[in-house]
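Protein chains: 2
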Amino acid sequence: MSAPRSEPPQQVRIALGDRSYHIRIGAGLLDEAASWDALPPAAAALVVTNTTVAPLYLERLRAALTTRYRAVFDVVLPDGEEYKDWATLNRIFDALLSHGCDRKTVLFALGGGVVGDMAGFAAASYMRGVPFVQVPTTLLAQVDSSVGGKTAINHPLGKNMIGAFYQPARVVCDLDTLRTLPARELSAGLAEVIKYGPIADPAFLDWIEANIDALLAREPQALAHAVKRSCEIKAEVVGQDERESGLRAILNFGHTFGHAIEAGLGYGEWLHGEAVGCGMVMALRLSQRLGGVDAAFVQRVTALIARAGLPTVGPALGAERYLELMRVDKKAEAGEIRFVVIERPGQAAVRAAPDDQVREVLAESTR
Amino acid sequence: MSAPRSEPPQQVRIALGDRSYHIRIGAGLLDEAASWDALPPAAAALVVTNTTVAPLYLERLRAALTTRYRAVFDVVLPDGEEYKDWATLNRIFDALLSHGCDRKTVLFALGGGVVGDMAGFAAASYMRGVPFVQVPTTLLAQVDSSVGGKTAINHPLGKNMIGAFYQPARVVCDLDTLRTLPARELSAGLAEVIKYGPIADPAFLDWIEANIDALLAREPQALAHAVKRSCEIKAEVVGQDERESGLRAILNFGHTFGHAIEAGLGYGEWLHGEAVGCGMVMALRLSQRLGGVDAAFVQRVTALIARAGLPTVGPALGAERYLELMRVDKKAEAGEIRFVVIERPGQAAVRAAPDDQVREVLAESTR
Numbered sequence: 002m003s004a005p006r007s008e009p010p011q012q013v014r015i016a017l018g019d020r021s022y023h024i025r026i027g028a029g030l031l032d033e034a035a036s037w038d039a040l041p042p043a044a045a046a047l048v049v050t051n052t053t054v055a056p057l058y059l060e061r062l063r064a065a066l067t068t069r070y071r072a073v074f075d076v077v078l079p080d081g082e083e084y085k086d087w088a089t090l091n092r093i094f095d096a097l098l099s100h101g102c103d104r105k106t107v108l109f110a111l112g113g114g115v116v117g118d119m120a121g122f123a124a125a126s127y128m129r130g131v132p133f134v135q136v137p138t139t140l141l142a143q144v145d146s147s148v149g150g151k152t153a154i155n156h157p158l159g160k161n162m163i164g165a166f167y168q169p170a171r172v173v174c175d176l177d178t179l180r181t182l183p184a185r186e187l188s189a190g191l192a193e194v195i196k197y198g199p200i201a202d203p204a205f206l207d208w209i210e211a212n213i214d215a216l217l218a219r220e221p222q223a224l225a226h227a228v229k230r231s232c233e234i235k236a237e238v239v240g241q242d243e244r245e246s247g248l249r250a251i252l253n254f255g256h257t258f259g260h261a262i263e264a265g266l267g268y269g270e271w272l273h274g275e276a277v278g279c280g281m282v283m284a285l286r287l288s289q290r291l292g293g294v295d296a297a298f299v300q301r302v303t304a305l306i307a308r309a310g311l312p313t314v315g316p317a318l319g320a321e322r323y324l325e326l327m328r329v330d331k332k333a334e335a336g337e338i339r340f341v342v343i344e345r346p347g348q349a350a351v352r353a354a355p356d357d358q359v360r361e362v363l364a365e366s367t368r
Numbered sequence: 002m003s004a005p006r007s008e009p010p011q012q013v014r015i016a017l018g019d020r021s022y023h024i025r026i027g028a029g030l031l032d033e034a035a036s037w038d039a040l041p042p043a044a045a046a047l048v049v050t051n052t053t054v055a056p057l058y059l060e061r062l063r064a065a066l067t068t069r070y071r072a073v074f075d076v077v078l079p080d081g082e083e084y085k086d087w088a089t090l091n092r093i094f095d096a097l098l099s100h101g102c103d104r105k106t107v108l109f110a111l112g113g114g115v116v117g118d119m120a121g122f123a124a125a126s127y128m129r130g131v132p133f134v135q136v137p138t139t140l141l142a143q144v145d146s147s148v149g150g151k152t153a154i155n156h157p158l159g160k161n162m163i164g165a166f167y168q169p170a171r172v173v174c175d176l177d178t179l180r181t182l183p184a185r186e187l188s189a190g191l192a193e194v195i196k197y198g199p200i201a202d203p204a205f206l207d208w209i210e211a212n213i214d215a216l217l218a219r220e221p222q223a224l225a226h227a228v229k230r231s232c233e234i235k236a237e238v239v240g241q242d243e244r245e246s247g248l249r250a251i252l253n254f255g256h257t258f259g260h261a262i263e264a265g266l267g268y269g270e271w272l273h274g275e276a277v278g279c280g281m282v283m284a285l286r287l288s289q290r291l292g293g294v295d296a297a298f299v300q301r302v303t304a305l306i307a308r309a310g311l312p313t314v315g316p317a318l319g320a321e322r323y324l325e326l327m328r329v330d331k332k333a334e335a336g337e338i339r340f341v342v343i344e345r346p347g348q349a350a351v352r353a354a355p356d357d358q359v360r361e362v363l364a365e366s367t368r
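Quick note, the sequences are listed as chains A and B, same order.
Mapping of the first sequence onto my numbering: residues 2 to 368, in sequence order.
Mapping of the second sequence onto my numbering: residues 2 to 368, in sequence order.
Since the hints were derived computationally from the structure, they do not count as laboratory data.
Treat the hints loosely; a few may be bogus.
In this list, chains with the same sequence are indistinguishable; a pair is considered to hold if it fits within one copy or across any two.
Calculated pairs, EDC-like style, for lysine to aspartate or glutamate (alpha carbon to alpha carbon, straight line, at most 16 Å) [unchecked claim]: (1) 160 x 60; (2) 229 x 38; (3) 105 x 237; (4) 229 x 365; (5) 229 x 202; (6) 105 x 86; (7) 160 x 95; (8) 105 x 330; (9) 229 x 361; (10) 160 x 83; (11) 229 x 337; (12) 160 x 344; (13) 105 x 337; (14) 229 x 8; (15) 229 x 80; (16) 160 x 86.
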């Protein structure tokens, strides 16, 4: 299936006391016994995946896990954000209970962010918590869901409104799985990679600029570095603020505007990463107005976002609609919109902004 | 509403690092501003209660909270274990989202164990966690739900299968609310009080025997001591084992048999405390067979359980049905039933037992 690897897997340790775990990153990891060693002992495993990923990778993962667990069950969910709801989550509980799974059963999330969110919340809640392992098969999930322990489902009145902070026992990022990823989703994942430059690491921003073509060509070495460095930066930030009370909010750079785009167009119209890419352009322009960065920096990051295949102009929802949507965002506090702004390249802060300046940014960033 | 108190409230501190909290125990606490001081600051509070408790205590709690929160919302759920499901839980999320509640909103659980379990799980899950306060209005909830952080809803295939370990910010036990409790529920609560004697504290067992009439007469001083000592013992056990990996299982004394009674008869036929009362008699007889306690001790505790108004003879489901039900219990591991047995008065252990001895116990304890 996969070409022989020349490189040993990379590893990032997420230090969270007795909930510490490792992210393993490399090509061909799915089939390697070493990827699954030393996981919590259990009689059974349940693989949660979806109808798109199952035909590609389910049997390979099952084969690898069968050497380790007496029984390997699976549940194949319909694919799509619109299924990230209670009814679909309940199919995981149905599977666990109908197979008589006990509280040591290990859940494996094989797929993108939606599968990871649902399998993670199911693991957090089943018998008040069973171990789970993330096996992300999209770039977005590899760089974003690997660290932070966020799990959730949607409610008809809001996205990700019901969930838990729950840490995996391990994350295994097999870069070979990115070969089957649609180009649009690769770009969406790159949005979250690019994000780490402006908020935390100018040198990484330089590296992404120099390697954007290799990333778009899915070269494993370039992908490995991008995933590893993204996870490292996120781990540094999350390690200082596991429950998202303060600093961690900088990871939402581009997300306040991005969520408004997603909600305004109807979820699923744009991919999350596309909305974040465009949202970063807006957040950069707001940062410039607030005196954080200069026009050259805004232009440079905007150009990189465009090269990654992401939109840089938002939909014309009207400024008042954007403001209304941002005021009901989960991160708003008592109706005040919180923006992540760049104070200088590599440093971000969370703050409010005058509505008029937000309106100006929206006027020049949408059509 | 309440008689003037001569006693200051009792307080038990639950030490759990940055999740430590206090249990306040006394008569008339509902109306006292001091009961609600120093809770996490928030714009809004949501009181979760049910159709039985709301007419009795909702307005009093609302009045007390209105001095502290700008907005006090409520959601009144149907009363009964059969509503401890996702659909009813979702009514709490609907209320939170339709009122635009942010992630600092404090949830108050006003009611018995079902309300506490659902409000607690809603608080654990809403935006991945908001603060919550338990205001238990049954004896069972005061001694059992106050400590341990267990929250859950039922699944059609099993009780309490979906939930979280989530600690309250405070527990306020107003003993006056026990005046409206039906006698059968008072007895059910006493089962969990009596439990702490055999597993942890022979002196407390002596005290309960000496004060059982005062407890049945709902004398506040006796109730205060019973609630306080029960919470202290549970806190000691839970403090050593927050996630229920080992020691904490001794709190399930009487529960393995009890759950089989509940499941075998259909949930709701016997109250949980009634099943636990009878289950303790069975567990004591099993302990005697395993050499832990003598016949006199079994007789003595059985007599106390009967004086508390609890059943001491189980329904005739048949031994094989009992065994089958106990094997699928959440606490079973790979199909092996785990019993809490008394090793000597005041000390319990979790262990397996030969099926034949269990059958003998069931034969003499059911009809």
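Going down the list of hints, with the structure as the test:
no.: 1; hint: 160 x 60; in the structure: neither (32 Å within a copy, 33 Å between copies)
no.: 2; hint: 229 x 38; in the structure: neither (20 Å within a copy, 46 Å between copies)
no.: 3; hint: 105 x 237; in the structure: neither (30 Å within a copy, 25 Å between copies)
no.: 4; hint: 229 x 365; in the structure: neither (35 Å within a copy, 64 Å between copies)
no.: 5; hint: 229 x 202; in the structure: within (13 Å within a copy, 54 Å between copies)
no.: 6; hint: 105 x 86; in the structure: neither (25 Å within a copy, 24 Å between copies)
no.: 7; hint: 160 x 95; in the structure: between (23 Å within a copy, 13 Å between copies)
no.: 8; hint: 105 x 330; in the structure: between (36 Å within a copy, 14 Å between copies)
no.: 9; hint: 229 x 361; in the structure: neither (37 Å within a copy, 61 Å between copies)
no.: 10; hint: 160 x 83; in the structure: within (10 Å within a copy, 28 Å between copies)
no.: 11; hint: 229 x 337; in the structure: neither (35 Å within a copy, 43 Å between copies)
no.: 12; hint: 160 x 344; in the structure: neither (29 Å within a copy, 51 Å between copies)
no.: 13; hint: 105 x 337; in the structure: between (43 Å within a copy, 14 Å between copies)
no.: 14; hint: 229 x 8; in the structure: within (14 Å within a copy, 61 Å between copies)
no.: 15; hint: 229 x 80; in the structure: neither (27 Å within a copy, 51 Å between copies)
no.: 16; hint: 160 x 86; in the structure: within (10 Å within a copy, 21 Å between copies)
The earlier numbered hints that this structure contradicts are 1, 2, 3, 4, 6, 9, 11, 12, 15.
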